[in-house]
Amino acid sequence: MEKARAQWGNPLQFVFACISYAVGLGNVWRFPYLCQMYGGGSFLVPYLIMLIVEGMPLLYLELAVGQRMRQGSIGAWRTISPYLGGVGVASVVVSFFLAIYYNIINAWGFWYFFNSFQDPLPWSVCPLNGNRTGYDEECEKASSTQYFWYRKTLNISPSIQESGTVQWEPALCLVLAWTMVYLCILRGPETTGKVEQLANPRAWINAATQIFFSLGLGFGSLIAFASYNEPSNNCQKHTIVVSLINSATSIFASVVTFSIYGFKATFNYEDCLNKVILLLTNSFDLEDGFLTASNLEQVKGYLASTYPSKYSEVFPLLENCSLESELDTAVQGTGLAFIVYTEAIKNMEVSQLWSVLYFFMLLLLGMGSMLGNTAAILTPLTDSQVISSHLPKEAISGLLCLVNCAIGLLFTMEAGSYWFDIFNDYAATLSLLLIVLVEAIAVCYVYGLRRFGAELEAMTGRALNWYWKVMWAFVSPLLIVSLFLFYLADYILSGTLQYQAWDATQGRLVTKDYPAYAVVVIGLLVASSTMCIPLVALGTYVMRRLKKGSSVPVA
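Taking the numbering used here, the leading residue of the sequence shown gets 1, the next gets one more, and so forth.
By construction, these hints were calculated from the structure, which means they are not laboratory data. Beta carbons: idealized from backbone N, C-alpha and C, even for Gly. Be aware that a few hints might be false.
Unchecked claim - The calculated label-pair distances, taken between Cβ atoms and stated as ranges, are:
no. : residue 1 : residue 2 : range
1   : V241      : Q498      : 35 to 43 Å
2   : L399      : V166      : 17 to 25 Å
3   : L497      : P127      : 31 to 39 Å
4   : L535      : F360      : 39 to 47 Å
5   : G262      : R132      : 33 to 41 Å
6   : E230      : K469      : 20 to 28 Å
Said to hold, decoys possible - Taking lysine to aspartate or glutamate and the DMTMM-like style, the derived pairs with C-alpha atoms no more than 25 Å apart in a straight line are:
no. : residue 1 : residue 2
7   : K152      : E140
8   : K275      : D285
9   : K512      : D421
10  : K152      : E343
11  : K152      : E138
12  : K469      : E455
Work the whole structure out from these sequences, hints included.
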């Protein structure tokens, strides 16, 4: 007798699980960056349009498929067609890659969280040099927050070729992060302003991809979550709720982020002005208080005309003070989470309290997304009779976490940050576009849109309206094809693949070319998931032909 499938305790648990998975670090560190790059508030126009024509329809599609088939990604697509099992395999592979590198962010979050209880915050001041005659030179050239991130947290090497050794502090935090994930998944679902930027095609492309990745489409997590629903669950309503909450969180995060940008820019600008005033006062033997921020421009002109040679010596430092350039600096990813935010926090009153709260929030976001990622892998594994008949769910979960943690130690090495960027940039982008494109085609043209709509109506008692049909059958697939071609052309035309490496002598990031073996790894990351779709289809075809041939009686 088949074992009854576990279910959510109530629909609210399912909604919260989807929100926890969808609302992640991308809402905090990528959406604000895109707003800043593409016109501020005007970026909301393409973003909201893409939410309507791409995000919500594809989210509903995956939730509906999971709820109808009541299986993980592999079983669900194999039910639609035996030749589509590779779609689910590709989703599992992409989720596996994501789980490997995503949890190192939580490890870094734990590291900063523990250090947040120190007074003063360890990233608020530069350490003394070896001779204790002044501050560390690398820290002075960069900043205390950059130094703590690149040197104390990552101990980063100057290039990807210099791997270095495993850093034990991040490694221990990674073990802690995977331990937390294991404890949470142990029981499954029972516990779980420039308007002209609108004409820029990249603004629309980035708006579409932000919606795409923020909602977590194509990983199989949403299908896994929905497979534990009652068949009569109103997944259409939940689609709208999750989409709107996810987007509202991104917009709210942007408001907070821009406030921090303004605080940081103003503080750095005033600090730079104070250094300039002190330098000019000492260089030209001016009286203390004679030179101020209000009369700096007038006095600068006088000094430049009266003492041109001496003024030319300090001129480079004067040019560095610019509020506009500070505000125009756009940062995303780890640079925003662990450098920009910490620089603002260190200058706040009761900075330890704000630091603890901030990194606790970051951990909640990261762990919520990790639970969704691991569910996308575990659900197909536990659905498999071959695996579940030999191993209990607790053992499968433990092995998954152990393997991911062991591989994830790569990111705790001195060159680990560079490998993190490779996985973050290339492990999922093209793969997810292809996966979701095949999903839409499979439902509409393989399984049949009319048939699928009739089954949804029989389950939920609600007819599938024209909006979902038009989006699934035409608009969303065409949009995904456009995105796929754009990314493919961008990769081909960009020529040499490059990355940002930390130069300790200059105290800043420099651009370098990826070595040949790193480019090979990038290719393997893309191919290993995308090739699952045609290879599994081919394998299924061959096996069915062989089985059919062997069943023919011999004369």
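inquiry  = To test your reading of the hints: which numbers does this structure violate?
reply    = none
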